[in-house]
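S.K.: Chains as they are written, first to last, in this note's numbering: chain A, 1 to 225; chain B, 1 to 705.
Just so you know, the hints here were simulated from the structure itself, not pulled from any lab data. Here a beta-carbon is modelled for each residue, glycine too, at the ideal position from N, C-alpha and C. It is possible that some hints are incorrect.
[What the hints assert, rightly or not] Straight-line Cα separation of at most 30 Å, DSS-like style, residue types lysine-lysine; simulated pairs:
id, chain 1, residue 1, chain 2, residue 2
1, B, 441, A, 105
2, A, 107, B, 441
3, A, 221, A, 143
[What the hints assert, rightly or not] Away from chain A, derived, C-beta distances all over 12 Å, residues of chain B:
id, residue
4, 66
5, 109
6, 157
7, 182
8, 204
9, 211
10, 263
11, 279
12, 546
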Amino acid sequence: MKGRVLVVDDDSALAEMLGIVLRGEGFEPSFVADGDKALAAFRETKPDLVLLDLMLPGRDGIEVCRLIRAESGVPIVMLTAKSDTVDVVVGLESGADDYIVKPFKPKELVARIRARLRRSEEPAPEQLAIGDLVIDVAGHSVKRDGQSIALTPLEFDLLVALARKPWQVFTREVLLEQVWGYRHAADTRLVNVHVQRLRSKVEKDPEKPEIVVTVRGVGYKAGPS
Amino acid sequence: MSGDSAASAPGRSGGRPGRPVGPGTAASRWRHLFDGDLLQGGVQGSPVVRLVMRWVRRPLLPVMRLWRRNIQLKVVVTTLLMSLGVVLLLGFVVIGQVRNGLLEAKVKASQSQATGGFAVAKQQAEQAVSVTGEEGTAPDGRPSQSVIQWMSDLVASLSSGGQGAFDVVTLPAGGDSGSGRGPRASGGVNPAASVPAALRERIGTGTGAAQSYTRIVYAEKDKGSQPALVIGKQVNDPNGDPYQLYYLFPLTQEEKSLSLVKGTLATAGLFVVVLLGAIAWLVVRQVVTPVRMAAGVAERLSAGRLQERMKVTGEDDIARLGEAFNKMAQNLQLKISQLEDLSRMQRRFVSDVSHELRTPLTTVRMAADVIHEAREDFDPVTARSAELLADQLDRFESLLADLLEISRFDAGAAALEAEPIDLREVVRRVVSGAEPLAERKGTTIKVVGDQQPVVAEADARRVERVLRNLVVNAVEHGEGRDVVVKLAAAGGAVAVAVRDYGVGLKPGEATRVFSRFWRADPARARTTGGTGLGLSIALEDARLHGGWLQAWGEPGGGSQFRLTLPRTADEPLRGSPIPLEPKDSRRNRGLDDAGLQRGGDGEKRATVPVNRSGAEDRAQSARDPLGPRPGATAPTADPTALPGNGARVVARSGSTRMTPGAAPGTRGGTGDGAPDGADLPAAGGEGGDGAPRGAEKDGEATRGR
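If we strip away everything but chain A, and leave its shape as in the complex, we get:
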């Protein structure tokens, strides 16, 4: 199993501890403590996942997140000390796939990392349609009229989950479990933010979504194809 993890954190003790835990679980961690150097380190190590602290010296975590997301769809898990709405939502909107609030348990962290890494595997040859989009699950591509649309793995998973059962309305909790791999109910803001991000990429008019339709009071479902 692939397991290169880039840890971007300025707290050396925490970074070292993260290293101990990650190595114990069979990952290959690499470290960078400065926001300014994070992008260079990312290009150099080509990690399979990034653990990113939101509060960094130099460039802050949000900015780093945006830069990495601009050139890669690699899963990003934020480490945040603030569970306040604004911080979390800003982090998610800048491209993070998931977040974990300090203090966390090692098992929780590892489970979250594994969930994100597992997504990038298991290709099954499958062709799906949602709205006027054509999804090639194995090829990991989404096309509208032959035009390919770039999605991050997480957004792709979200779209595939909806497209596989177009008759079903997914509650946020179900999506959290299927796409993010949460066992227990967690923060549904994750779903909201990512649905918004997904819509901004796949919808013709994100104000009037036709691909990912909101079912008021329940959740989301795939639009009619």
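Got chain A sorted already, so can you dock chain B onto it with the hints?
M.R.: Just chain B, lined up with the frame of chain A:
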């Protein structure tokens, strides 16, 4: 809330339902009329009358509203009316004076003219007598031809002196028109019609001259009539027979002058009135404009635009008003910005503390977990230490999380993310999460009322946190008995009540359960890892939703915690669908605290239905002071019943008798409750304002607000 809404808003022409109908005196009825009742809906009587009045006053309503709201209009209209009155009075006086003056001169001149004329007539008659002797009259008494001729000559000669200035008319004296001496007149005057009958009578009875005003009527119809002064006297003709001689002085000139004066006065008066109105308008505007500006600025200030100020020019009273107003606004702004700074600082502090504490704590946590994982390799002492370390770190973490959450509430940094959620989902998650603990305690959690969707606009994360807290508390304090979670929706509210049958709450504890770090019995050993902040946070969460979190309990009879949320976020709560005191409380079952059936004296309260109406509720509170039981203490306000606490409590318990089982250790992290239903069952379903009032009167109810 309800008190405010009862008062009708200013400007709304609300009906006045409370007005006595029957024995109003006539005076008061009139006063009502002048009050504008007639136009404001105070009409009483038959529906037809009311209908007609409504129809009549409908088009007047905007005018009435403008009248009530616009002081400038009021002042201008009043000024116009008053100056109109003054001008009219003045006009009448002036016109009267002018007329008197004009007529006096005319009358004097006319009188001398007429006196001269009468003398001439007398003289001519005497001359005629001396010329003709006694032959003037025929033996049969008819006037001779010569007298008739004489009289015509007389009229012609008398009138020749004043062509246009006066006319002369002779009329036969008395009623003897048959004597042949017919009426004569100069200048084409109709003699009979121009002299008023009253004057003729007066002259016929007296000897002197008399005068009157009349209108000259001309023989030619199309010439019209004109006002005149008529002076007449009875004189004798050459035969010695009396006849009446009249002088008619037309007053056309005077009338013209008078109407000129009238016209001038009217024009001037109109100008004066209009100008006064305009002046009043301008003057009032000077005062009203700043007042209106102040009102507008005050409104904008209260809407949060704190930098709004009034324009101040000059040093007069209005300017002083403006300055004082601006000073007030500035001080307000200063204070508010100070508070905002404080809040921001605290928020910042919380955030920083949060970060600074959490990062090392994360390291410690991970290290402890690694050590904990490896504890089997250690000697027993170290292994046990590793366990303790891990356990206490859990507790430390949850305490820190709760503390930070509370300070976030205190700093006003908590934000509500409301969206429509089905509370049944939340309850299901909470219950399944609490199952492991319930199994350990041997408790069954039942969910009631989940057949229908219970949807409300709420923050699922917060509601779940509240309910988890309530359910876990209920299981922990339920002593292995069942826990019932009840859902309901009615009106604009949804509610979840969590009922347990454990140790319950002691009197007065129902509010204190929400206090921070409060414990029912400090000496009691702590078996569960509560932080003591759970219910405080839950209360804040409820309050953030505009909802209520309330507790009820009786010693040994268990307790019920009820969360009530408005169905939509901006809707105020009026009541709860679930009564705070459960139906199976001792009081409702008619049992006393020892669980024995209550006996006769005054225990009717037990039969009071749980869902009382508002009226019954009031009756209930009215009964309360009587003291339901011997030994009842006077109600004392709980010191925690402060607005910030959200609790309104009067502990009102007379329960000195207590079950033996209930006495030791009422519940820990939860609380207390007035035993005999100090709660407010009627809060739900009555939909009125009974709930808050009742809550203050006799409830342990806690209101999240």
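S.K.: Indicate, hint by hint, whether the structure satisfies it.
M.R.: We went through each hint and held it up to the structure:
no.	hint	result
1	B/441 with A/105	holds (27 Å)
2	A/107 with B/441	holds (27 Å)
3	A/221 with A/143	holds (19 Å)
4	66	holds (44 Å)
5	109	holds (99 Å)
6	157	holds (112 Å)
7	182	holds (108 Å)
8	204	holds (107 Å)
9	211	holds (99 Å)
10	263	holds (73 Å)
11	279	holds (58 Å)
12	546	holds (18 Å)
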